[in-house]
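2 protein chains.
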Amino acid sequence: MDKREKIFEKALELFIAEGYDHTPLSKIANSMNFTKGGLHHYFKSKEDLLFFIHENRLKNDLIPILELSEQISDPEKRIVYFLKNYINKVLTKDASIRVLVHEINRLKPKHQEKIKDCWRRVFDLIHNALLEMEDLDKIKKMNKTFATFSLLGMCNWIFYWFDYSRKDSADELSDTCLDIFLEGIRKV
Amino acid sequence: MDKREKIFEKALELFIAEGYDHTPLSKIANSMNFTKGGLHHYFKSKEDLLFFIHENRLKNDLIPILELSEQISDPEKRIVYFLKNYINKVLTKDASIRVLVHEINRLKPKHQEKIKDCWRRVFDLIHNALLEMEDLDKIKKMNKTFATFSLLGMCNWIFYWFDYSRKDSADELSDTCLDIFLEGIRKV
Numbered sequence: 001m002d003k004r005e006k007i008f009e010k011a012l013e014l015f016i017a018e019g020y021d022h023t024p025l026s027k028i029a030n031s032m033n034f035t036k037g038g039l040h041h042y043f044k045s046k047e048d049l050l051f052f053i054h055e056n057r058l059k060n061d062l063i064p065i066l067e068l069s070e071q072i073s074d075p076e077k078r079i080v081y082f083l084k085n086y087i088n089k090v091l092t093k094d095a096s097i098r099v100l101v102h103e104i105n106r107l108k109p110k111h112q113e114k115i116k117d118c119w120r121r122v123f124d125l126i127h128n129a130l131l132e133m134e135d136l137d138k139i140k141k142m143n144k145t146f147a148t149f150s151l152l153g154m155c156n157w158i159f160y161w162f163d164y165s166r167k168d169s170a171d172e173l174s175d176t177c178l179d180i181f182l183e184g185i186r187k188v
Numbered sequence: 189m190d191k192r193e194k195i196f197e198k199a200l201e202l203f204i205a206e207g208y209d210h211t212p213l214s215k216i217a218n219s220m221n222f223t224k225g226g227l228h229h230y231f232k233s234k235e236d237l238l239f240f241i242h243e244n245r246l247k248n249d250l251i252p253i254l255e256l257s258e259q260i261s262d263p264e265k266r267i268v269y270f271l272k273n274y275i276n277k278v279l280t281k282d283a284s285i286r287v288l289v290h291e292i293n294r295l296k297p298k299h300q301e302k303i304k305d306c307w308r309r310v311f312d313l314i315h316n317a318l319l320e321m322e323d324l325d326k327i328k329k330m331n332k333t334f335a336t337f338s339l340l341g342m343c344n345w346i347f348y349w350f351d352y353s354r355k356d357s358a359d360e361l362s363d364t365c366l367d368i369f370l371e372g373i374r375k376v
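Residue numbers (the working numbering), protein chains in the order written: chain Y, 1 to 188; chain G, 189 to 376.
Chain Y extracted, bound-state conformation (with noise of 0.2 Å):
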């Protein structure tokens, strides 16, 4: 991990005990013996910093998750895979998606643009599996945006209710999620 990313973890490990609020650039600093203009050096305003740290996670933890996805041939295959992941390495992994999502509108809008792409990239995982399980007559017949809203709906929701001092319960989450939603599309 370089000084940048450890910078990062720091803030986010603030953010999340204290709120991104009640956390000042000069408490980032303290903690980590740097100066105020020390972290300078590494991004020119909070705003900055919180949008690298969010570009930084989902770079490190989503992405791999979409690449390999996108690869999956098969479509009901492709939905498994991204919604164990998402969820077991991602959602549950700690608290930070929590902050991340809840302070996305503290972002410029040309960041929010940013990171909402890749969010549209996991809509369209999504919603491209559904149509191709349609087209193989799978599924029964449905709004399949609203099936997609649906599932990401049951996953990201998860931050808010989610225990992390008990992660172990991670696979039998996603489990369930994906028992559902895929027993409650198919076409019978």
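Hints in this document: simulated from the structure, not taken from any laboratory. Among the clues, some could well be false.
Unchecked claim - Below, simulated BS3-like cross-link-like pairs (lysine-lysine); rule was C-alpha separation at most 25 Å, straight line:
(1) Y:K140 to Y:K84
(2) Y:K187 to G:K332
(3) Y:K144 to Y:K84
(4) Y:K138 to G:K326
(5) Y:K77 to G:K375
(6) G:K375 to Y:K84
(7) G:K326 to Y:K140
(8) G:K302 to G:K194
(9) G:K232 to Y:K140
(10) G:K332 to Y:K167
(11) Y:K46 to Y:K59
(12) Y:K93 to Y:K114
(13) Y:K6 to Y:K44
(14) Y:K116 to Y:K89
(15) G:K329 to Y:K84
(16) G:K272 to Y:K140
(17) G:K194 to G:K234
(18) G:K302 to Y:K141
(19) G:K355 to Y:K116
(20) G:K375 to Y:K138
(21) G:K232 to G:K302
(22) Y:K138 to G:K329
(23) Y:K187 to G:K328
(24) G:K302 to G:K281
(25) Y:K141 to G:K375
(26) Y:K144 to G:K281
(27) Y:K187 to G:K326
(28) Y:K93 to G:K332
(29) G:K247 to G:K191
Starting from the known structure of chain Y, fit chain G onto it as the hints suggest.
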């Protein structure tokens, strides 16, 4: 609508349009031809105002649906009635729930507890219905806490993506969520 509720509605409108942080009490006062002191007659602080708005919305929109649902003896019909009304009359009514849920951590702990009591009642409604359906051998073996949160996630995520200028799609949306969930949990 009494004067107090008129202030709530106006403040909520400003919170939706400009964000809670960017709406000082003076702006709310100005928009209603009040002095700031005049507003203080109704509540002591912006935090108080946010809490009263939240409590008022729950009392007017959510609690009546909860009360009627709790009287339905058939557990599946209870879920259907609650979900249809929760999605059609609360979640897709306007963007207020987005602001209220998003800003819940601005409330004092004692106020947060009061709001959370209401959401616990929602959780219990669904969870108890699933326990009863299990006793009737209508659903497959599953973690009913996770299933309850999955359904609530499907619903509660709606305010993040729903297009409030296209409210006529609310019925199709609630039907899609219910169909996926009920078919997804059903014993085959």
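Item to check | Given hint K281 (chain G) paired with K144 (chain Y) - CA-CA distance at most 25 Å | outcome: 22 Å, holds
Checklist entry - Has the given pair, K116 (chain Y) with K89 (chain Y), been kept, meaning a C-alpha gap of at most 25 Å? => result Measuring from Cα to Cα gives roughly 20 Å; hence the hint holds.
Checklist entry - Are K140 (chain Y) and K84 (chain Y) close enough, with their CA atoms no more than 25 Å apart? => result Measuring from Cα to Cα gives roughly 23 Å; hence the hint holds.
Checklist entry - Are the Cα atoms of K187 (chain Y) and K326 (chain G) separated by 25 Å or less? => result 19 Å, holds
Checklist entry - Would the pair K138 (chain Y) and K329 (chain G) pass a check requiring their Cα atoms to be no farther apart than 25 Å? => result Holds - the C-alpha atoms of K329 (chain G) and K138 (chain Y) are around 24 Å apart, at most 25 Å.
Next on the checklist: K187 (chain Y) and K328 (chain G) were given as a pair; does the straight-line alpha-carbon distance stay at or below 25 Å?
Outcome noted: 18 Å, holds
Checklist entry - Are K329 (chain G) and K84 (chain Y) close enough, with their CA atoms no more than 25 Å apart? => result 20 Å, holds
Checklist entry - For the pair supplied as a hint, K302 (chain G) and K194 (chain G), is the alpha-carbon distance within the 25 Å limit? => result 23 Å, holds
Checklist entry - For the pair supplied as a hint, K138 (chain Y) and K326 (chain G), is the alpha-carbon distance within the 25 Å limit? => result Within the cut-off at roughly 24 Å; holds.
Item to check | Pairwise hint evaluation, K234 (chain G) against K194 (chain G), where the allowed Cα distance is 25 Å at most | outcome: 16 Å, holds
Checklist entry - Between K375 (chain G) and K84 (chain Y), is the straight-line Cα distance small enough, at 25 Å or below? => result 23 Å, holds
Checklist entry - Under the criterion that the straight-line Cα-Cα distance not exceed 25 Å, is the pair K93 (chain Y), K332 (chain G) satisfied? => result With a Cα-Cα distance of about 22 Å, the restraint between K93 (chain Y) and K332 (chain G) holds, given a limit of 25 Å.
The structure does not agree with the numbered hints 9 and 18 stated previously, though it agrees with the rest.
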